[in-house]
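So the protein sequences, as listed, match chains A and B. Residue numbers for the first sequence, in our numbering: 1 to 213. Residue numbers for the second sequence, in our numbering: 1001 to 1126.
Read the hints as simulated data drawn from the structure, not as lab findings. Fair warning: this is a prediction, and the values are worked out from it, not measured in the lab. One thing to keep in mind: the hints can contain errors.
In silico DSSO-like cross-links for lysine-lysine, where the CA-CA straight-line distance does not exceed 27 Å [said to hold, decoys possible]: (1) LYS1019/B - LYS1083/B; (2) LYS117/A - LYS166/A; (3) LYS117/A - LYS174/A; (4) LYS1095/B - LYS1069/B; (5) LYS134/A - LYS174/A; (6) LYS1024/B - LYS117/A; (7) LYS117/A - LYS1015/B; (8) LYS117/A - LYS1084/B; (9) LYS1048/B - LYS174/A; (10) LYS1069/B - LYS117/A; (11) LYS1069/B - LYS131/A; (12) LYS117/A - LYS20/A; (13) LYS131/A - LYS166/A; (14) LYS157/A - LYS131/A; (15) LYS1083/B - LYS117/A; (16) LYS117/A - LYS1019/B; (17) LYS157/A - LYS117/A; (18) LYS1015/B - LYS1107/B; (19) LYS134/A - LYS1015/B; (20) LYS1069/B - LYS1048/B; (21) LYS1084/B - LYS1015/B.
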Amino acid sequence: MKLKELESRLQGVDHFEEPKILLEQYPTSPHIAAHMLYTIQSHYDDIEDKLVGDLGCGCGMLSVGAAMLGCGACIGFDIDSYALDVCLRNFEEFEINNIDLVQCDITGFNTNTRWHKTFDTVIMNPPFGTKHNKGIDMVFLEQALSMAQTAVYSLHKTATREHIQKKSYDWGVKMEVIAELRYNLPATYKFHKHKSVDIQVDFVRFSFPNKKR
Amino acid sequence: MKLLTHNMLTSNIIKGVTKGFPLKIAASEVKVSEVDFNPEFIARMIPKMEWSALCQAAESIGQLGDLPKELAPEYESDEEFLKKAHHVLLEVEVKEGELICPESGRKFTIRNGIPNMLLNEEEVAK
Chain A
1 MKLKELESRL QGVDHFEEPK ILLEQYPTSP HIAAHMLYTI QSHYDDIEDK LVGDLGCGCG
61 MLSVGAAMLG CGACIGFDID SYALDVCLRN FEEFEINNID LVQCDITGFN TNTRWHKTFD
121 TVIMNPPFGT KHNKGIDMVF LEQALSMAQT AVYSLHKTAT REHIQKKSYD WGVKMEVIAE
181 LRYNLPATYK FHKHKSVDIQ VDFVRFSFPN KKR
Chain B
1001 MKLLTHNMLT SNIIKGVTKG FPLKIAASEV KVSEVDFNPE FIARMIPKME WSALCQAAES
1061 IGQLGDLPKE LAPEYESDEE FLKKAHHVLL EVEVKEGELI CPESGRKFTI RNGIPNMLLN
1121 EEEVAK
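Same shape as in the complex, but just chain A (with noise of 0.2 Å):
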């Protein structure tokens, strides 16, 4: 599938209707969805064939694309209720019946999990920890590195690139910073004043340095 192609079908995806400020739900773009996705099918063979996890699934964008690109199964992981039933009416629509989903708090995991290295690749787009919830990137980075075995893809806030370098070194894992983003958030929010706020994001890549790739 070309990447117009998939931009242009995951444009059907479903967003939240009423998205919940302190969870930071917003969609990720069929835009961003798209480039991230092709790239990391098409330069790194990630997801074709493969087991998927999708932290912080959100209403399922990530992981209908995913799907549309032919993994062979995906797990999306979810707090929200709300969020999850988004899902399941996107994968009906989509006619995707190849994507599981599981109703949790990823912060509470612990490493006793059997989810430990199970996926062979992880894909996210997390909370940045705006709101009252600092550190939860890092949480949910720490989470999907343990449920890799080959690698994580992860959209962060270019302002914690060199927190995030640091702590990789620390963990003894690779980051390679594929592209930056500038992340268009439409005022989804009734507070925010503009029309719209560009941040500026990394799209990520974890690996392993003891793994071939």
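We have chain A already, so just place chain B on it with the hints.
Same frame as chain A, now just chain B:
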């Protein structure tokens, strides 16, 4: 909830629970659908599974069929076996029901095929 997913779910995030696996399934609605068969993918998933727990789970909801309870050597090239494994792993879904922690008896609801693993604050093991 597919049985692939069920095989990964544990309740040892609960205070006082040591292993919390496997979770017992009490299903009120099970759905079977057709999912595209990808033999290489299934062959790679099998080593990740706790096989006896998978069979136990399938059996408890009447979906074991003739899936062998022990893995034969060279199962990776046995397409008939892989097809049966595929069926149990991906085509069977618990839509409504409960998962029960084997140690504490705590129940987790499955609604619309989604298991709810959220805990109350007092339950979380620190």
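Hint check results:
Of the supplied pair hints, the one linking LYS1019/B and LYS1083/B is violated, its CA atoms being roughly 31 Å apart against a limit of 27 Å. A C-alpha spacing of about 22 Å is found between LYS117/A and LYS166/A, which places the hinted pair at or below 27 Å, so the restraint holds. In summary, the hint linking LYS117/A to LYS174/A is supported, as the alpha carbons are separated by about 16 Å, within the 27 Å threshold. Proposed proximity of LYS1095/B and LYS1069/B is supported: the alpha carbons are some 24 Å apart, at most 27 Å.
Note on LYS134/A and LYS174/A: the hinted pairing holds, with a Cα-Cα distance of about 24 Å set against a maximum of 27 Å. Under the criterion of a C-alpha separation no larger than 27 Å, the hint pairing LYS1024/B with LYS117/A is consistent with the structure, at around 24 Å. Taking the CA atoms of LYS117/A and LYS1015/B, the gap is near 24 Å; set against the 27 Å cutoff, the hint holds. Straight-line distance between C-alpha atoms of LYS117/A and LYS1084/B comes to about 25 Å, which keeps the hinted pair within the 27 Å bound.
As the CA atoms of LYS1048/B and LYS174/A are separated by approximately 24 Å, the hinted pair is consistent with the 27 Å bound. Between LYS1069/B and LYS117/A, the direct Cα distance comes to roughly 24 Å. Compliance with the 27 Å bound is thereby established for this hinted pair. A threshold of 27 Å between alpha carbons decides the hint, and for LYS1069/B with LYS131/A the separation of about 49 Å lies outside it, so the pair is violated. With a C-alpha separation of about 31 Å, the suggested pair LYS117/A and LYS20/A falls outside the 27 Å cut-off, and the hint is violated.
Under the criterion of a C-alpha separation no larger than 27 Å, the hint pairing LYS131/A with LYS166/A is consistent with the structure, at around 24 Å. This hinted pair checks out: LYS157/A and LYS131/A have alpha carbons roughly 14 Å apart, not beyond 27 Å. Under the criterion of a C-alpha separation no larger than 27 Å, the hint pairing LYS1083/B with LYS117/A is consistent with the structure, at around 25 Å. Of the pairs offered as hints, the one joining LYS117/A and LYS1019/B holds, with about 18 Å between alpha carbons and a cut-off of 27 Å not exceeded.
Taking the CA atoms of LYS157/A and LYS117/A, the gap is about 26 Å. The hint holds against a cut of 27 Å. Of the supplied pair hints, the one linking LYS1015/B and LYS1107/B holds, its CA atoms being roughly 14 Å apart against a limit of 27 Å. Distance check on the hinted pair: LYS134/A and LYS1015/B sit about 25 Å apart at the alpha-carbon level, within 27 Å; holds. This hinted pair checks out: LYS1069/B and LYS1048/B have alpha carbons roughly 16 Å apart, not beyond 27 Å.
With a C-alpha separation of about 37 Å, the suggested pair LYS1084/B and LYS1015/B falls outside the 27 Å cut-off, and the hint is violated.
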